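**Q** Spelled out, the chains give:
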Amino acid sequence: MAHQDDIALMAHLMRRAGFGAGRDELEARVAKGYEATVEELLHPETQPPVDAYTLLRYQPASLLPGGQPPMGNVNWMYYLVNTKRPLEEKMALFWHHVFATGNSKVDNYDQLLEQIQLFREKGMGNYRDLLLTVAKNPTMIFWLDNQQNHGTAVNENWGRELLELFSLGAGNYTEKDVRECSRAFTGWTFETKIPRAPYGRFPWKFEYRPEDHDDGEKEFLGHKGRFNGEDIIDIVVHQPACGKFICRHLYNFFVADEPQVPAWPIEAPQDQKAIDTLVGAFRDAKFDMKPVLRVLFNSDFFKNARFKHMKSPAEVVVSTLRLVGGHELPKPGIGELSMQPTYMGQDLLNPPSVEGWHTGKEWINSGSLMARVNFVAEKIGDTSLPGVQAIINRLKERGSLSPEQLVDGCLDQIGPVEVGADTKQELLSQAKEWGQIAWDSASNAKIADQHAAEMLQLIVATREYQFG
Amino acid sequence: MPEAQTTQKDPVIVVLQLTGGNDYLNTVIPYNNPLYRDNRKAVGIPDNQIMHLDKDYGIPHYMAPLKQFWDDKKLAILHGVGWKESPRSHFRAMDIWHTCEPIKVGTEGWLGRVAREFDPKKENVVTTVSFGPSLPRSLAVPGVPVACVGGPLEKYGFLPTIQGEQRKQVLERFAAMYKPAIGTGAVMDYMADTGIDSLKGEDILKVAPQKYSSTVQYPNTPIARKLKGIAQTHLADLGSRIFYCDHSTFDTHAGQNPGHQNLWTAVTEGVDAFMKDLREHNHADNVILLMFSEFGRRVRDNGSGTDHGAGGVAFVLGEKVKGGHYGEMPSLKPEHLVQGDLDPNMDFRSVYSTILDKWLKLNPAPIVNGTFEQPAFLH
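Chains U and H are the protein sequences, given in the same order.
Everything in the first sequence is counted per the numbering used here, starting at 1 for the first residue and increasing by one.
Everything in the second sequence is counted per the numbering used here, starting at 1 for the first residue and increasing by one.
Just so you know, the hints here were simulated from the structure itself, not pulled from any lab data.
What you are looking at is a predicted structure, and each value in this text was computed from that prediction instead of being measured.
Do not take every clue at face value.
Unchecked claim - Stretch by stretch, here's where chain H covers chain U in the computed footprint (C-beta under 8 Å, at least three residues): (1) 136-148; (2) 342-348; (3) 361-375.
As the list claims (entries may be wrong) - Computed list of lysine to aspartate or glutamate pairs in EDC-like fashion (alpha-carbon distance at most 20 Å, straight line): (4) Lys176/U / Glu335/H; (5) Lys320/H / Asp285/H; (6) Lys176/U / Asp343/H.
Even for Gly, the Cβ is constructed at its ideal location relative to N, Cα and C.
Throw the hints in and build the complete structure from the sequences for me.
**A** Okay, structure coming up:
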């Protein structure tokens, strides 16, 4: 038997670097070791990819979902629920938070999913390469209008967001830098789109048009030259502000909730030392993300940050579906299932704007709290699902449970989850109403199953459970 | 009970946020100003598509429903709103509008402060109702309840799958678990309040769609659905005083003309249906509607759209609004522009101050963090 502390730490790692894990998986990983698990997560190529064929066999419409939300979301949700490479998928979600691109304007989930695939492939690689690839990503170009950024008529949308939201953060450049940056990206566009009729949508492709590029001299962040877009990216990634900005994003996403991004120029990080450590790793690795993530997951500041992060709606939904099981195959109803994060305030592939989502505490309001509690409680209360059965099977190994044992057992098996003394008292009061439960006869077992499921439902409805 | 404290005469404010930075110059068009044509070669509204309000200004044809409000003198146009040093970042600009804190990061939303004034003892958890999936900063003040309705009003509630005798017991347990406990931190307290208030709000709000009937047909758009939810709640006389909704995205960097047309068609048709609905039920007199955006857009277009700007326009409409122009459109002359943008000449907190003082009967200074001139757009 693995030690309880090791299980709790591994559960923490898997919640953050992935989307949680059931008890069997946690025990296997503890046997393998913490650092070895981190290495496995950092090397997704050692694990099999998601079987996309099965998705297409059951949901052919998810191959080219066009502009339809449910099918676009089904595609990504299938990957999120089934991946054996949780950190690869988590990094795709991380970059989706940063490079927030939305269907409200793109109106093309095929292209948005292609961008997510790009994040899967390059999300743990070099940040400079990622930024350059994103700059050439036709979905991003269209989202931020760079196809309208001409040598003779500058459009600042991409240029501004590159600096404000994708690399440096507000306050680290001037309005003139925005202008000059935008000039450098003139002529970065995509090939003329092939009309949709009669054969459907065609993939978009990057195109550089030298005749539309402003080749004149530019003055950008103290540098002078006839810069093109790639030069700008090289200047940007070497700015001290860049490492600080990206590492604060990592901290906010993986470690503990920070203030909202617009407050960053004004409010200092809650753990400056942790940010400095990450920034150092980012610089030493010449912008390679993998060594930064290795430092992060192996650090004490990470290990000590349990339950200091409000689960995002995507984390709530995906971790629930992975825990309860039974949703691996894309069954009827998966369209509705894939829209669940939307109901909780996070419409995947369709953020409210290029600024992405407000995170942490701001995930919670009366409507979203209801949506979270209702969804998770419905799933965890369904004793026909294999993951719920697995939890109950472990509980009933003891034969019968006192109210205290029921509460402790459920809190342990579903996490382990830590709750406050007052919350625990309420759970206990409820369990005491049921008294001792036992699986000693068929009729008692039925009641015991039901009470175990109800206890799990009450636990997922707690405030504490909203943190991960 | 809420009904006892408030009557349907109490003033109500509805805020419709135009998210993304609405283009002022194509919304209230200075059609005689040659500089408008000079700067708007690509996205200028052709003369034959402008509905004249008077000899200086017009609105694009796709905002037609607003013309009637103007003719009835129920539409106030607030020119040049914004503030000095307005940032070109959506994020930051919206935050400033929400919190009235242009320098530091504010923690209290201006309407949240209003709600606290209205209901300091938190007796009515539906004093503020927001329609949309997230909680706007303008409504957020620690300890002040906001009912956020993300989907249909009918489905608002906790644990709907648990029904019958057991439901009462489970919801009581839920309430007990959400009791604030000392020393658990601000976020846990916030969640405690949210949980308890939602539980109370559920019973109150569910009544609204059941009581509602109307001959008004709302268009099938997201903004019209939100406005209909607001109408249902307002008509149910639940004591709600502040309503919030938004429509997006007005961030028209490219392909502006069709985009701006779709956006404003949806908004103006929705608002028109909403006001008709309230009038039909004799519930319009105590409502004003404020429409604002975080900034205006650049004077010169970029070939197919417009980039982030500064000075913008806000609208207030309602039965008790004194229709007309307030303030002046900032000069379009190149030497008067700030980095190519209209120089804001009416502080947005002025607009709030009039609403607070003349409509909601509250002292504006502590809510907007200062004393500002009050354009007289209310009777």
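**Q** Next step is simple, just say for each hint if it's right about the structure.
**A** Against the structure, the hints come out as follows:
no., hint, verdict
1, 136-148, "holds (count 4)"
2, 342-348, "holds (count 5)"
3, 361-375, "holds (count 12)"
4, Lys176/U / Glu335/H, "holds, 18 Å"
5, Lys320/H / Asp285/H, "holds, 7 Å"
6, Lys176/U / Asp343/H, "holds, 18 Å"
Consistency with the previously given hints is maintained throughout, with no hint failing.
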